[in-house]
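Chains as they are written, first to last, in full-length UniProt numbering: chain Y, 1 to 314; chain L, 1 to 314.
One should not assume that every hint holds.
Copies of one chain are not kept apart here, so a pair can be met inside one copy or by any two copies together.
Stated by the list, open to error - Straight-line Cα separation of at most 30 Å, DSS-like style, residue types lysine-lysine; simulated pairs:
id, residue 1, residue 2
1, K193, K72
2, K230, K257
3, K97, K64
4, K52, K227
Keep in mind that the hints were calculated from the coordinates and are not lab data.
There are 2 protein chains.
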Amino acid sequence: MKMPLGEEKNGACDRSIYVNNPHLDSMTDDFLYHFNLGTSTHDLPAMFGDVKFVCVGGSPWRMKSFIEYIAKELGLSEPNADYPNICAGTDRYAMYKVGPVLSVSHGMGIPSISIMLHELIKLLYHARCTDVTVVRIGTSGGIGLKPGTVVVTKQSVDSVFQPCLEQIILGKPVVRSTELDGELAEELLQCSKDLAEFETVIGNTMCTLDFYEGQARLDGAFCSYSKEDKQSYLAEAYAAGVRNIEMESSVFAAMCKLSNLRAAVVCVALLDRLKGDQLTSSHDVLNNYQQRPQVLVGHYIKKKLNVGKNIVKF
Amino acid sequence: MKMPLGEEKNGACDRSIYVNNPHLDSMTDDFLYHFNLGTSTHDLPAMFGDVKFVCVGGSPWRMKSFIEYIAKELGLSEPNADYPNICAGTDRYAMYKVGPVLSVSHGMGIPSISIMLHELIKLLYHARCTDVTVVRIGTSGGIGLKPGTVVVTKQSVDSVFQPCLEQIILGKPVVRSTELDGELAEELLQCSKDLAEFETVIGNTMCTLDFYEGQARLDGAFCSYSKEDKQSYLAEAYAAGVRNIEMESSVFAAMCKLSNLRAAVVCVALLDRLKGDQLTSSHDVLNNYQQRPQVLVGHYIKKKLNVGKNIVKF
Numbered sequence: 001m002k003m004p005l006g007e008e009k010n011g012a013c014d015r016s017i018y019v020n021n022p023h024l025d026s027m028t029d030d031f032l033y034h035f036n037l038g039t040s041t042h043d044l045p046a047m048f049g050d051v052k053f054v055c056v057g058g059s060p061w062r063m064k065s066f067i068e069y070i071a072k073e074l075g076l077s078e079p080n081a082d083y084p085n086i087c088a089g090t091d092r093y094a095m096y097k098v099g100p101v102l103s104v105s106h107g108m109g110i111p112s113i114s115i116m117l118h119e120l121i122k123l124l125y126h127a128r129c130t131d132v133t134v135v136r137i138g139t140s141g142g143i144g145l146k147p148g149t150v151v152v153t154k155q156s157v158d159s160v161f162q163p164c165l166e167q168i169i170l171g172k173p174v175v176r177s178t179e180l181d182g183e184l185a186e187e188l189l190q191c192s193k194d195l196a197e198f199e200t201v202i203g204n205t206m207c208t209l210d211f212y213e214g215q216a217r218l219d220g221a222f223c224s225y226s227k228e229d230k231q232s233y234l235a236e237a238y239a240a241g242v243r244n245i246e247m248e249s250s251v252f253a254a255m256c257k258l259s260n261l262r263a264a265v266v267c268v269a270l271l272d273r274l275k276g277d278q279l280t281s282s283h284d285v286l287n288n289y290q291q292r293p294q295v296l297v298g299h300y301i302k303k304k305l306n307v308g309k310n311i312v313k314f
Numbered sequence: 001m002k003m004p005l006g007e008e009k010n011g012a013c014d015r016s017i018y019v020n021n022p023h024l025d026s027m028t029d030d031f032l033y034h035f036n037l038g039t040s041t042h043d044l045p046a047m048f049g050d051v052k053f054v055c056v057g058g059s060p061w062r063m064k065s066f067i068e069y070i071a072k073e074l075g076l077s078e079p080n081a082d083y084p085n086i087c088a089g090t091d092r093y094a095m096y097k098v099g100p101v102l103s104v105s106h107g108m109g110i111p112s113i114s115i116m117l118h119e120l121i122k123l124l125y126h127a128r129c130t131d132v133t134v135v136r137i138g139t140s141g142g143i144g145l146k147p148g149t150v151v152v153t154k155q156s157v158d159s160v161f162q163p164c165l166e167q168i169i170l171g172k173p174v175v176r177s178t179e180l181d182g183e184l185a186e187e188l189l190q191c192s193k194d195l196a197e198f199e200t201v202i203g204n205t206m207c208t209l210d211f212y213e214g215q216a217r218l219d220g221a222f223c224s225y226s227k228e229d230k231q232s233y234l235a236e237a238y239a240a241g242v243r244n245i246e247m248e249s250s251v252f253a254a255m256c257k258l259s260n261l262r263a264a265v266v267c268v269a270l271l272d273r274l275k276g277d278q279l280t281s282s283h284d285v286l287n288n289y290q291q292r293p294q295v296l297v298g299h300y301i302k303k304k305l306n307v308g309k310n311i312v313k314f
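Only chain Y is shown next, with the shape it has when bound in the complex (with noise of 0.2 Å):
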């Protein structure tokens, strides 16, 4: 294992980036390529060396909005602000940054995840970050839940409710750990009881590679199961403590506990699966519905900087 090269803080490391990678050592240049960032054309550490919180969720739009959204709660925005992205040159992803947070989208899916986070991990690593704790805001489809339920994820598990992902690396599987920050889910299960504006509960999250057979869903262009098999399934997962199911929080898991990072997933249910398929609520009500997971973590990370009138220590 690479040593991480953040400060020591308190006389531990413990909080410092960690890269695996022997080989990155012997690089003159690290270009990250998704998202057109890289060591010998920008500066780094001047650029990101103060990020502390960053969030990450699928859709550009909604990661925009989040910068967007914390500026103004951090008493950071100014007025008629924009807020730039940083990826500019590139639409595999976007970046935006306000003070110590960045919000950064991920599209959808594993793989398209795990592009990011490799370049995330080095980027905060080539900033010599320190400290940093990483969120996942998101949608997904809840089990048993009112829509608009928050779910803060206890453990991500794979479709046989295994808190574990098998990742193929030369052709062979290696079984990896899914294991999320508890002391950081109930900071976060906190939050919502201090906002007392929607119902948030901690569960597990089902991880799949596929929205419609791989989430047992009737609505895809191929069904080879039946109802009862469908509601056989999710009464399973539901057993098995799963409270909701999305398609990127088991290798986020997995990569930031790889690498030193404090790491939460917090997804709204859009609909409950075990009632229907397609989403019924009016545009508006999911529009409010995708903002609480943001609204939670924005209230988190003033907490954590000590912001407005209500000032509670850690």
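Add chain L to chain Y, keeping to what the hints say.
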């Protein structure tokens, strides 16, 4: 299997789009969520009924640029014409259309393209399209090829070089064939010979779930293998007929085959992975490479539609 709805042509239904889902019959409305299009909100046969060619690619920008290019090539462009994104109201995918050609972005990775294809196949089905050809145009890493070489995929293979895709349905593995249309691949190779602008080969394409460790790169945030391990894995791939590596072809091939869509994968190799992992070519050179698949497919569509002076009948 649900019977195809398409009109009979030459006494057979064999160019219609299949959906293999008996549940679709009982749905009064089908909302294609990630396209923001639905059967009760849009007249899909009127909007898409004439589609004969669908080109898909990762980047929304590239798919917009493709529709502008093909409009000009087919003589369908008008002065100052703008091509609005048909998927307005969502930033998950972008979709453009001119005449019989549809251009759709799919993001990066198997899960992302799989969501798009479920909804594209249902869209073509609801629109009662027939005789549709789908081509993925993309970028890839080459193996033993000069950068800029275009690869038309013979077989899409997995990380142990087998032409199949394992998908998880209700927690159980289902293996699907990733066979592509051999005749279409040969026709595309012939188009490259007609053009004589760049080199094109037919070869196997390895499809992975990860860009860094999954493709034996040495420059990710994590790497647990040596340069020798990498070289030996890529050499094995070459020996198995693999000429390039990308991240979408397997599920693209499998889903098109299940839907009776004539399908091809045409990707340019941006670098030779036997010689490195990072891109060192200039922006202009890479930009030129990225246009090659669209030039090749543009020529193919023109030939099929008998557009231009040098009419070639198939």
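Practice task
If the cutoff is 30 Å on CA atoms, where do K97 and K64 land: within, between, both or neither? Let me know, please.
Solution key: For K97 and K64, both the intra-copy (9 Å) and inter-copy (28 Å) Cα distances are at most 30 Å.
Exercise for the section: Give the relationship of K230 and K257 under a CA distance limit of 30 Å: within one copy only, between copies only, both, or neither. Expected result: Cα proximity of K230 and K257: across copies only (25 Å, versus 32 Å in one copy).
Exercise for the section: Give the relationship of K193 and K72 under a CA distance limit of 30 Å: within one copy only, between copies only, both, or neither. Expected result: within (22 Å within a copy, 58 Å between copies)
Exercise for the section: Check K52 against K227 for me: Cα-Cα at most 30 Å, and say if that holds within a copy, between copies, both or neither. Expected result: neither (46 Å within a copy, 34 Å between copies)
Violated hint for the displayed structure: number 4, the only one.
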